[in-house]
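Assemble chain Z onto chain L, guided by the hints.
As they're listed, the protein sequences go chains L and Z.
One gets this note's numbering by counting positions in the first sequence from 1 and adding 699 to each.
One gets this note's numbering by counting positions in the second sequence from 1 and adding 699 to each.
FYI, nobody ran anything at the bench for these hints, they're computed from the structure.
One or more hints might be untrue.
Identical copies carry no separate label here, and so any pair may be met within one copy or between two of them.
Claimed, not checked - Dumping the calculated SDA-like pairs for lysine to any residue here, alpha-carbon to alpha-carbon at most 20 Å:
1. K1024 to M1070
2. K734 to Y969
3. K820 to L937
4. K1040 to T728
5. K871 to F883
6. K1040 to L1022
7. K820 to K871
8. K734 to F1015
9. K730 to G752
10. K871 to E827
11. K871 to R1064
12. K910 to T824
13. K847 to F1015
14. K911 to E826
15. K830 to G778
16. K750 to K997
17. K847 to P772
18. K911 to E1066
19. K730 to K910
20. K730 to D1018
Just so we're clear, the structure is a prediction, and the values are computed from it rather than from any experiment.
There are 2 protein chains.
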Amino acid sequence: MGEKEGFTITPWEVSGEIDYDELIVRFGTSKIDEKLLERIARYGPIHTMLKRGIFYSHRDFNRVLDEYEKGNPFYLYTGRGPSGNIHLGHLMPWIFTKYIQDTFDVPLYFQLTDDEKFLFKEGMTLEETKKYAYENMLDIIALGFDPKKTHIFLDTENIEKLYPIALKVAKKITFSTARAVFGFNNSNNIGTIFYTSMQAVPAFMVSEWEKKQVPCVIPCGIDQDPHFRVARDVAPGLGYPKPSLLHCKLFPSLSGDDKMSSSSPMSTIYTTDTPKQVKKKVGQAFTGGRVSVEEQRKLGGNPDICAVYQYNYYLFEEDDAKLKKMRDECVAGERLCGQCKMELTEKINRFLEGHQERREEARERIEEFLMKSVNCH
Amino acid sequence: MGEKEGFTITPWEVSGEIDYDELIVRFGTSKIDEKLLERIARYGPIHTMLKRGIFYSHRDFNRVLDEYEKGNPFYLYTGRGPSGNIHLGHLMPWIFTKYIQDTFDVPLYFQLTDDEKFLFKEGMTLEETKKYAYENMLDIIALGFDPKKTHIFLDTENIEKLYPIALKVAKKITFSTARAVFGFNNSNNIGTIFYTSMQAVPAFMVSEWEKKQVPCVIPCGIDQDPHFRVARDVAPGLGYPKPSLLHCKLFPSLSGDDKMSSSSPMSTIYTTDTPKQVKKKVGQAFTGGRVSVEEQRKLGGNPDICAVYQYNYYLFEEDDAKLKKMRDECVAGERLCGQCKMELTEKINRFLEGHQERREEARERIEEFLMKSVNCH
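For reference, chain L alone in the conformation it holds in the complex (with noise of 0.2 Å):
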């Protein structure tokens, strides 16, 4: 992990410019290829996100369709360090897990790590945690998962099932492994260390709580992986099956940066922004545009830099032609960033609107989707 010529990438950190190919190599994961693709276009349609090579990398998927074709089906296991509202960049995988989950159709747990954002934000209290991790749970909601397949639950909330597996995973991960997989330093608190622990539970507590081995595919950006190398190294000493890992391109910045930064507002969409944010941000997007119109139209855009086009290229254009053609068009000169803006808007606020609705809808199934837990006060 850590610095290398050109890029930084951890859970925590993002800097440079990422080179996807060389993180495959440099993390050991294989490649998402088209013979994998072809094993999963058997139980459904490919993903978008698979077609386009945003979902791009794995470890082990081969092995768990293996044994999903034997009739030992998998589950799925994402998370989300409530710390503070949901943006677009989050909903990415959440959307792609939920594809995984239909096609596939298998159990998700779905982790909030209200303690792990106490432990590592300077200044938030677990109770502000707490109540962002019921706020982010809206946004869950609201993408349409099957209550009677999604599971969710809060670290704080849940302790007495996931810690005594926690403590197993922490007996056998020595502070050296930890820090050099996380970076960890002396002036770390040593919840921070400990932490990584909590990440792992979920990728073994189903084969705990059933006694057998089943197998755990945990969709996330490709900078979580740490946290699930660890786990996978961990996992045969514990008699638990190493956990399949599906990683996606980080979902890009409005301000052109490569990972969406959550504490530069004007940089990311929340899912709670109005009408009216949405425009003003994506009006002052980054884009690939030239310096006036008369430029543009002689010389053309460029879309591989633009923000704008990679919202639609990520998310809001699904349609390959119309994608096509949008990039046709502004590299030969025929579009100007402010078409784009304007129909991006348009597809951001129309996809919000509903989202929204959703999502003030959610606040009464919250206890529907919670994971039956050992909660009783």
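Here is chain Z on its own, set in the frame of chain L:
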């Protein structure tokens, strides 16, 4: 912490001959002096362990008594790491804890750290430490604690109440601090590094639950002081009162070493030992006797290095006059080791007979003592 001239003392290791007065200086604690004993005497008789300087050091107990006098009572907290059977050395501070409870009529919270022992003991499972916790509980109950004022709990079974407070503690302790206090190195597992947070929780939890400053008093072996020094350091930042401590010297080993070693069964007497085992162990104990009866008659013995005399001093001869007589006779060569060993064997077996009976009766009484928990499965 760690090694200095002559001896080493940490919560996990004691070696060399302990200079207890030097420890007061090294740790920065206060001697339990005549003035403090006079204050305690206002509430009841002075316990033999206080008179004899077995409980000999404290932190802030005067401040606790100031509050007590103003009508702000404290509570007691002590604990046990359940990794094996209970020996007489374990009982000693618990007997003293009961004396403080009875004298001041205060509640006691008794923590069984099944998580700690799992994390620190290679090859020990969580199931084993939990089993020991329930076995050890019988010894606690057998000492005659009042169930209405005594709340025993296992960490793993009450983690839902403990974890949020442990997180708050952990956030205040850096790896540097933990390493400096406990001597951790890179090969320590990350659970052991986090663990001190869990041990601090009972010192704060009553204040947390009652939403006011409730002083906590912790009677414990002086070797356990580092855990609570950390707890004391973080207390003000969390809005809790600093816990007060009452420190005792370490119970002697039958083999003449400073601290009983649980790993050498012949040097320690377990509460479950048979009369025959006790006779054998005391028979083989290290004494201050001479190489022959003639020498002993001529030169006298040395009670100060004698394990049999120390057993009487620490636990089995509460009558000061009788103890002095025993000592004088020994030094004068009027008393031989055989007599002392026979008398001690009888005293221990008489004690164990009653203890073992109450210990078996305790199996039916566990529920009365368990802390009202969130445990509902």
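Results for each hint:
no.: 1; hint: K1024 to M1070; result: neither (45 Å within a copy, 68 Å between copies)
no.: 2; hint: K734 to Y969; result: neither (36 Å within a copy, 65 Å between copies)
no.: 3; hint: K820 to L937; result: between (31 Å within a copy, 16 Å between copies)
no.: 4; hint: K1040 to T728; result: neither (36 Å within a copy, 69 Å between copies)
no.: 5; hint: K871 to F883; result: both (17 Å within a copy, 16 Å between copies)
no.: 6; hint: K1040 to L1022; result: within (14 Å within a copy, 94 Å between copies)
no.: 7; hint: K820 to K871; result: between (26 Å within a copy, 12 Å between copies)
no.: 8; hint: K734 to F1015; result: neither (27 Å within a copy, 78 Å between copies)
no.: 9; hint: K730 to G752; result: within (9 Å within a copy, 70 Å between copies)
no.: 10; hint: K871 to E827; result: between (31 Å within a copy, 18 Å between copies)
no.: 11; hint: K871 to R1064; result: neither (39 Å within a copy, 37 Å between copies)
no.: 12; hint: K910 to T824; result: between (36 Å within a copy, 16 Å between copies)
no.: 13; hint: K847 to F1015; result: neither (28 Å within a copy, 64 Å between copies)
no.: 14; hint: K911 to E826; result: between (36 Å within a copy, 18 Å between copies)
no.: 15; hint: K830 to G778; result: within (16 Å within a copy, 34 Å between copies)
no.: 16; hint: K750 to K997; result: neither (32 Å within a copy, 98 Å between copies)
no.: 17; hint: K847 to P772; result: within (16 Å within a copy, 51 Å between copies)
no.: 18; hint: K911 to E1066; result: neither (28 Å within a copy, 33 Å between copies)
no.: 19; hint: K730 to K910; result: neither (32 Å within a copy, 54 Å between copies)
no.: 20; hint: K730 to D1018; result: neither (24 Å within a copy, 80 Å between copies)
Hint violations for this structure: numbers 1, 2, 4, 8, 11, 13, 16, 18, 19, 20, all remaining hints satisfied.
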